[in-house]
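Visitor: Residue strings, one per chain:
Number of protein chains: 2
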Amino acid sequence: MPELRQNRFTKEWVIIATERAKRPEELKVNRPEVKPLPSYSPTCPFCPGNEQLAPTEFLRINGPDGKWRARVVANKFAALSREGEPTRKVEKSKRTINGVGMHEVIIEGPNHALTTALLPDDHVTSILTAYKLRYDEISRDPRITQVTIFKNHGTAAGASLEHPHSQLIAAPVISHQVRDRMFEALRHYDEFGECIFCQMIAEEIDENARVVMVTDHFVVLEPFASPTPFTTHIYPRRHMASFGDVSMEELADLGHTLRTLLGKLYFGLDDPDFNYTVRTAPSENAGVKYYHWHISVIPRLTRVAGFELGSGMFINTVLPEAAAEFLRNANADKASVEKAG
Amino acid sequence: MPELRQNRFTKEWVIIATERAKRPEELKVNRPEVKPLPSYSPTCPFCPGNEQLAPTEFLRINGPDGKWRARVVANKFAALSREGEPTRKVEKSKRTINGVGMHEVIIEGPNHALTTALLPDDHVTSILTAYKLRYDEISRDPRITQVTIFKNHGTAAGASLEHPHSQLIAAPVISHQVRDRMFEALRHYDEFGECIFCQMIAEEIDENARVVMVTDHFVVLEPFASPTPFTTHIYPRRHMASFGDVSMEELADLGHTLRTLLGKLYFGLDDPDFNYTVRTAPSENAGVKYYHWHISVIPRLTRVAGFELGSGMFINTVLPEAAAEFLRNANADKASVEKAG
Numbered sequence: 000m001p002e003l004r005q006n007r008f009t010k011e012w013v014i015i016a017t018e019r020a021k022r023p024e025e026l027k028v029n030r031p032e033v034k035p036l037p038s039y040s041p042t043c044p045f046c047p048g049n050e051q052l053a054p055t056e057f058l059r060i061n062g063p064d065g066k067w068r069a070r071v072v073a074n075k076f077a078a079l080s081r082e083g084e085p086t087r088k089v090e091k092s093k094r095t096i097n098g099v100g101m102h103e104v105i106i107e108g109p110n111h112a113l114t115t116a117l118l119p120d121d122h123v124t125s126i127l128t129a130y131k132l133r134y135d136e137i138s139r140d141p142r143i144t145q146v147t148i149f150k151n152h153g154t155a156a157g158a159s160l161e162h163p164h165s166q167l168i169a170a171p172v173i174s175h176q177v178r179d180r181m182f183e184a185l186r187h188y189d190e191f192g193e194c195i196f197c198q199m200i201a202e203e204i205d206e207n208a209r210v211v212m213v214t215d216h217f218v219v220l221e222p223f224a225s226p227t228p229f230t231t232h233i234y235p236r237r238h239m240a241s242f243g244d245v246s247m248e249e250l251a252d253l254g255h256t257l258r259t260l261l262g263k264l265y266f267g268l269d270d271p272d273f274n275y276t277v278r279t280a281p282s283e284n285a286g287v288k289y290y291h292w293h294i295s296v297i298p299r300l301t302r303v304a305g306f307e308l309g310s311g312m313f314i315n316t317v318l319p320e321a322a323a324e325f326l327r328n329a330n331a332d333k334a335s336v337e338k339a340g
Numbered sequence: 000m001p002e003l004r005q006n007r008f009t010k011e012w013v014i015i016a017t018e019r020a021k022r023p024e025e026l027k028v029n030r031p032e033v034k035p036l037p038s039y040s041p042t043c044p045f046c047p048g049n050e051q052l053a054p055t056e057f058l059r060i061n062g063p064d065g066k067w068r069a070r071v072v073a074n075k076f077a078a079l080s081r082e083g084e085p086t087r088k089v090e091k092s093k094r095t096i097n098g099v100g101m102h103e104v105i106i107e108g109p110n111h112a113l114t115t116a117l118l119p120d121d122h123v124t125s126i127l128t129a130y131k132l133r134y135d136e137i138s139r140d141p142r143i144t145q146v147t148i149f150k151n152h153g154t155a156a157g158a159s160l161e162h163p164h165s166q167l168i169a170a171p172v173i174s175h176q177v178r179d180r181m182f183e184a185l186r187h188y189d190e191f192g193e194c195i196f197c198q199m200i201a202e203e204i205d206e207n208a209r210v211v212m213v214t215d216h217f218v219v220l221e222p223f224a225s226p227t228p229f230t231t232h233i234y235p236r237r238h239m240a241s242f243g244d245v246s247m248e249e250l251a252d253l254g255h256t257l258r259t260l261l262g263k264l265y266f267g268l269d270d271p272d273f274n275y276t277v278r279t280a281p282s283e284n285a286g287v288k289y290y291h292w293h294i295s296v297i298p299r300l301t302r303v304a305g306f307e308l309g310s311g312m313f314i315n316t317v318l319p320e321a322a323a324e325f326l327r328n329a330n331a332d333k334a335s336v337e338k339a340g
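Protein chains in written order, with the working numbering: chain A, 0 to 340; chain B, 0 to 340.
So here's chain A without its partners, still in its complex pose (with noise of 0.2 Å):
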């Protein structure tokens, strides 16, 4: 028998189809043989001694040795523009707003081929601590209510560049998924006095159904009503609505917490095209002690038809409790899998 189960933090319902339930590796992707990337490319424009291809640029974090590990540069063909003022219109009944905001591309090292699964732990570092640093800068601007930093993994995942990248868009509105969120996360404190959020990490902790790892500061798992395969949370295990909030011991944890799960996927599916996001507190509600930030890692395995468009609903084919036991196991780096091969 299939079941619905709820999401508490949005209240969507989700098909969990036992009934045409895969075993987790069936998802593993077939990919056709393909050249692996060269590690330098002369077009791509994020390589390095291609600088002057990529416009400005924000902010530059250097390794130990000197070379740079995360560039940030404005996206050439940024969906917002930075100048101007946000100014509403209310003509009849339509709602519109200038379209001012940033769009920035976080460049995720020199190598043109070392995606995320494959770098060293403090090199992801340095790109979480980019995006603290550009999320910290940007939230100060009052024309700016909501920054949504995201990665997009390969083509399923809209990727178009092959350069290892992620991008931040900061826009004057709170978008409705946001609001929404938030305001459930709102209706919870108000009748228990407690967050969600802090709610469910300890019952999940505690159940240790769909835990895929622990770490001193953070929690992976799959969500109890997950709506696609695989599809993965990072939650920090002390309470912050906003990434803003983020300790740089912290973003270091983060950066091994990160790393392995992005590895376990990679090893576990062969390299699956994922996008992953983080789902922070608009920087006005920084503080608040009902919402707590987290990041979500989505892999495209599956496409949204038609069922998930009208009705909302998603039906997933993978028990969130099988995922969780397959990537507990999985390797999550090339040593880890020659000594098991």
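Since the hints were made in silico from the structure, they are not lab data.
Only a predicted model underlies this, so the values are computations on that prediction, with no experimental measurement involved.
One or more of the hints may lead you astray.
Identical chains share a label here; the pair holds if one copy fits it or two copies do between them.
With a cut-off of at most 27 Å between alpha-carbon atoms, the simulated DSSO-like pairs for lysine-lysine come out as follows [unchecked claim]:
| id | residue 1 | residue 2 |
| --- | --- | --- |
| 1 | K10 | K288 |
| 2 | K93 | K66 |
| 3 | K93 | K21 |
| 4 | K288 | K93 |
| 5 | K10 | K91 |
| 6 | K10 | K21 |
Fit chain B to the supplied structure of chain A, relying on the hints for placement.
Guide: Below, chain B without anything else, positioned relative to chain A:
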């Protein structure tokens, strides 16, 4: 300058990225040369003569020649189970319901190769009549609260079988997306005493910037805050909350309207993959004054990436006004294409 536009029906903001704007014809599908489908496939469970391969038949609609035009069968890989009761379980913070519901396939004709855009109008009406008869029958089941009818055309839209077909999923819950639209429409009604959709239809026909076509009973338009290129809505001009309230005369007109729109997409954009879905009030809300059923047609020309997943905001690179103009001028059938060419 890009523009943020608010979807009145969901309160979602969309970025209309005019700086990266594409002319509509740039989105024309560039298909590698593919072999046309055969009109009959011996292994296809939906082809005539193979009826034993598709299980239980619920309905068959014949044409004037006595041959079937539409058959409704059970989905062999049903996401929900037809038998049982939708029992709700509340255990700590988990909310689950037995996965009871219906999952049916509407086979859209005997010809393996004839997609909806190429069928005669009255054949499309027969398919829509099958939707309506199944909708009425299933809505009466007290275990069911929401019936979603949808079509996946092409692999990018999630279709896994070639033979033209659509699907129906009946669930024991109202999805968050539907509840959200109902709620926003009710708020509008509460404030203005009118259906927000009726009001929009009048305003759109008056402004005539995003209207694709108007028939006796329907209006086809690009929504003002369209989330993706060529997302197109078909609204009945008469106020009706539920798809179950559509009349036979209206269904005949809808067959013509839907076929014409799909023909314009087929000939104008070279057979893009697409989904469509009927967005209706739940059966328990049939007759409400504030909601208005419609069909959303969603060509799958772009990919959802991390920003959309992380914020719920879409970036649309085609102006809805430009898409409407393109579709107004597009040929809808082979005869017009040949005359024009």
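Visitor: Please go over all the hints and tell whether each is borne out by the structure.
Guide: Here is how each hint holds up against the structure:
1. For the homomeric pair K10 and K288, the shortest alpha-carbon distances inside one copy (20 Å) and between copies (25 Å) are both at most 27 Å.
2. Neither within a single protomer nor between protomers do K93 and K66 lie at most 27 Å apart by alpha-carbon distance, with minima of 50 Å and 49 Å respectively.
3. Taking the shortest Cα distances, K93 and K21 sit within 27 Å of each other only across copies (23 Å), while inside one copy they are farther apart (46 Å).
4. Taking CA atoms no more than 27 Å apart as the test, K288 paired with K93 passes between copies only; the shortest distance there is 22 Å, against 35 Å inside one copy.
5. Proximity of K10 and K91 under a CA criterion of 27 Å is satisfied inter-copy only: 16 Å between copies versus 32 Å inside one chain copy.
6. For a Cα distance limit of 27 Å, the shortest separation of K10 from K21 inside one copy, 25 Å, qualifies, whereas the shortest one across copies, 36 Å, does not.
The structure fails hint 2 only (numbered hints given earlier).
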